[in-house]
Amino acid sequence: MGAYALPDASGHYGPYGGRFVAETLVPALEELEHAYQEAQRDPEFRAELHSELRQFVGRPNPLYHAGRVSKELGGAQIYLKREDLNHTGAHKINNAVGQALLARRMGKKRVIAETGAGQHGVATATVATRYGMECLVYMGEEDIRRQSSNVFRMRLLGAQVAAVRSGTRTLKDALNEALRDWVTNVENTFYVIGTVAGPHPYPAMVRDFHRVIGDEARAQCLELTGRLPDCLIACVGGGSNAIGLFYPFIDDKAVRMIGVEAGGLGLSTGQHAAPLTTGRPGVLHGNRTYLMEDEDGQILPTHSISAGLDYPGVGPEHAYLKDAGRAEYVAATDEEALAAFHRLCRTEGIIPALETAHALAHAFRLAPTMRSDQTIIVNLSGRGDKDIHTVAALEGIHL
Amino acid sequence: MSRLAGLFAQLQDAGRAALIPFMTAGDPSLTVTVPLMHALVAAGADAIELGMPFSDPMADGPSIQRASERALARGVKLRMVLEWVREFRMTNSHTPIILMGYLNPVEAMGITPFAEAAATAGVDGVILVDLTPEEGRGEAGVLQQHGIDPIFLLAPTSGPERAATVRSMGSGFVYYVSLRGITGATQADWAEVLQRVQDLRQQLGLPVAIGFGIRDAATVAQVAAGADAVVVGSALVDQLAECTTDQEAIAAATRFIEPLVQAVRTTERSGV
Numbered sequence: 001m002g003a004y005a006l007p008d009a010s011g012h013y014g015p016y017g018g019r020f021v022a023e024t025l026v027p028a029l030e031e032l033e034h035a036y037q038e039a040q041r042d043p044e045f046r047a048e049l050h051s052e053l054r055q056f057v058g059r060p061n062p063l064y065h066a067g068r069v070s071k072e073l074g075g076a077q078i079y080l081k082r083e084d085l086n087h088t089g090a091h092k093i094n095n096a097v098g099q100a101l102l103a104r105r106m107g108k109k110r111v112i113a114e115t116g117a118g119q120h121g122v123a124t125a126t127v128a129t130r131y132g133m134e135c136l137v138y139m140g141e142e143d144i145r146r147q148s149s150n151v152f153r154m155r156l157l158g159a160q161v162a163a164v165r166s167g168t169r170t171l172k173d174a175l176n177e178a179l180r181d182w183v184t185n186v187e188n189t190f191y192v193i194g195t196v197a198g199p200h201p202y203p204a205m206v207r208d209f210h211r212v213i214g215d216e217a218r219a220q221c222l223e224l225t226g227r228l229p230d231c232l233i234a235c236v237g238g239g240s241n242a243i244g245l246f247y248p249f250i251d252d253k254a255v256r257m258i259g260v261e262a263g264g265l266g267l268s269t270g271q272h273a274a275p276l277t278t279g280r281p282g283v284l285h286g287n288r289t290y291l292m293e294d295e296d297g298q299i300l301p302t303h304s305i306s307a308g309l310d311y312p313g314v315g316p317e318h319a320y321l322k323d324a325g326r327a328e329y330v331a332a333t334d335e336e337a338l339a340a341f342h343r344l345c346r347t348e349g350i351i352p353a354l355e356t357a358h359a360l361a362h363a364f365r366l367a368p369t370m371r372s373d374q375t376i377i378v379n380l381s382g383r384g385d386k387d388i389h390t391v392a393a394l395e396g397i398h399l
Numbered sequence: 400m401s402r403l404a405g406l407f408a409q410l411q412d413a414g415r416a417a418l419i420p421f422m423t424a425g426d427p428s429l430t431v432t433v434p435l436m437h438a439l440v441a442a443g444a445d446a447i448e449l450g451m452p453f454s455d456p457m458a459d460g461p462s463i464q465r466a467s468e469r470a471l472a473r474g475v476k477l478r479m480v481l482e483w484v485r486e487f488r489m490t491n492s493h494t495p496i497i498l499m500g501y502l503n504p505v506e507a508m509g510i511t512p513f514a515e516a517a518a519t520a521g522v523d524g525v526i527l528v529d530l531t532p533e534e535g536r537g538e539a540g541v542l543q544q545h546g547i548d549p550i551f552l553l554a555p556t557s558g559p560e561r562a563a564t565v566r567s568m569g570s571g572f573v574y575y576v577s578l579r580g581i582t583g584a585t586q587a588d589w590a591e592v593l594q595r596v597q598d599l600r601q602q603l604g605l606p607v608a609i610g611f612g613i614r615d616a617a618t619v620a621q622v623a624a625g626a627d628a629v630v631v632g633s634a635l636v637d638q639l640a641e642c643t644t645d646q647e648a649i650a651a652a653t654r655f656i657e658p659l660v661q662a663v664r665t666t667e668r669s670g671v
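Taken in sequence, the protein lines are chains A and B.
Residues in the first sequence are numbered from 1 upward in steps of one, following the numbering used here.
Residues in the second sequence are numbered from 400 upward in steps of one, following the numbering used here.
Please note that the accuracy of each hint is not assured.
[Said to hold, decoys possible] Selected chain A positions facing chain B (in silico; Cβ < 8 Å):
#1 Gly18
#2 Arg19
#3 Gly282
#4 Gln298
Just so you know, these hints were derived from the structure itself, not from any lab.
Yeah, the Cβ is synthetic: ideal placement off N, Cα and C, and Gly gets one too.
Take these sequences, add in the hints, and give me the full structure.
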């Protein structure tokens, strides 16, 4: 087998991916694909993106050896890729900067976005302000309640936040609503999708903007340990931070890649958001991928303590990597994520996002089964300041 | 000749456009769906578009979204929709029925079992909003093998090469989305739409139906002058949403559709 080179020309990863949208959007997606290909070839675009990632986002961020928690667990050495130290506090800004620069290049004056936990909304609001564009963020009413501080941040940054009251009032419905807006305003609007899902070219484009995570981590790991890591672990909702870390390692077959989905109240309860672990292939939001659906093809409500993982689908490249056996996908429950959240706070002095805590939960399970000369890289995809109200409320504390 | 081809041939002779109302299967009640279809035909509908409810109808506006949600809450399943068509066919063998929905429920059943069941039930055409011709080659072929027309959409944003793709794959008719937007929106420039549709009818060699944003008799008359069919959806769904009994729904649908039927029957097509 040659080097990994997906998606194919029509945006497919094996049977997954593709472009399943209303006809009105097809020409817009073709225009976007064309503009993106041109931008990728343009040294000026690449130089500006690189400069923005350094000067505005604060890259490169460290690969940090979490020595205390590694020692406590008594197994593999855990390294944290510190995406939480980026401007706006999560990996999401990498992609938001890239897409906003592309929007500007395409002459679009208005950007829209969907958001779950609010991290992508904040990142999009941030770059829209920075590049002088109007910004509207769609957010499920339920998520607005759970993530009020991020809603306020978006408004401080000059974005409008539209509450979505249809369906389950979470991320998937925000995505539906953003697609409806885009269909209506396609001439002047750029839709900044926040994850590696959606119609082609979004999954590939968002991955490319996030691969900087894996590129940096690979070089940093070689520098710090003299060899490649044994294992990569990242949480998977739509899967953008995971694919960003995994992608540059896909051809390094000895490196295990593990995505951790939201196990919610437990996989057996049905109250979770783990389509790769429990779902089956279907078509939603413009691409074919694993979905949580009932036997009649209706999308099921999801549950996760973390709004950012509360999504019934997943990026099509993860679906492919699962079937190809190149990546493994497991789940961590709300309870396991919370325990990992507290453990990292108390051992390393880092408050992780609840999304990220799912990846940590699995790393903490796996590390003790490995040798102390082995290495795990966990993508510390976001910081947990946004989640302190949720965690406090679970402990009966009102902030 | 298929029912759809027969209908369009007959209307070509009559020199008028078809009126195609859209209703969501299972809304406003489970029991009213088949009687409502018959009532629409009795009031003068030339064909019926029957919505297959989906949990995430991303191309639909609030009216049809809510109708879908209500229908799903009542337990509507794709097999029930097909069963309703079969029941309708027991006493109506001439009115074309077009199913409209999204790919995932169809894929969950499997395209071949779906096509078999739909053909047996008496379905004439299928519109899957999120299935583009590029992705839908396999599905379109299976539908056609079962005598069902795969109906594709074209939009104001579609260029000539997309029309060519649709021409090579679609049959029955082509659904022209009259505006950049979702179902139920209202801001089409009808003169521009009709000009575009004239061009498309020549290029495609297929009848062209116009839908999205058509809410009243005046608009129906305007659109009917240049189209092979006029689709009215959200406005009817809105009327039905307020009905609390089946009788009320049938009366409301009849009352709503009568002036629209008048409009298509009294509008002569120009430039056709």
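Right, here's what the structure says about each hint:
1. Gly18: 5 Å, holds
2. Arg19: 6 Å, holds
3. Gly282: Result: holds, 5 Å to nearest chain B Cβ.
4. Gln298: 4 Å, holds
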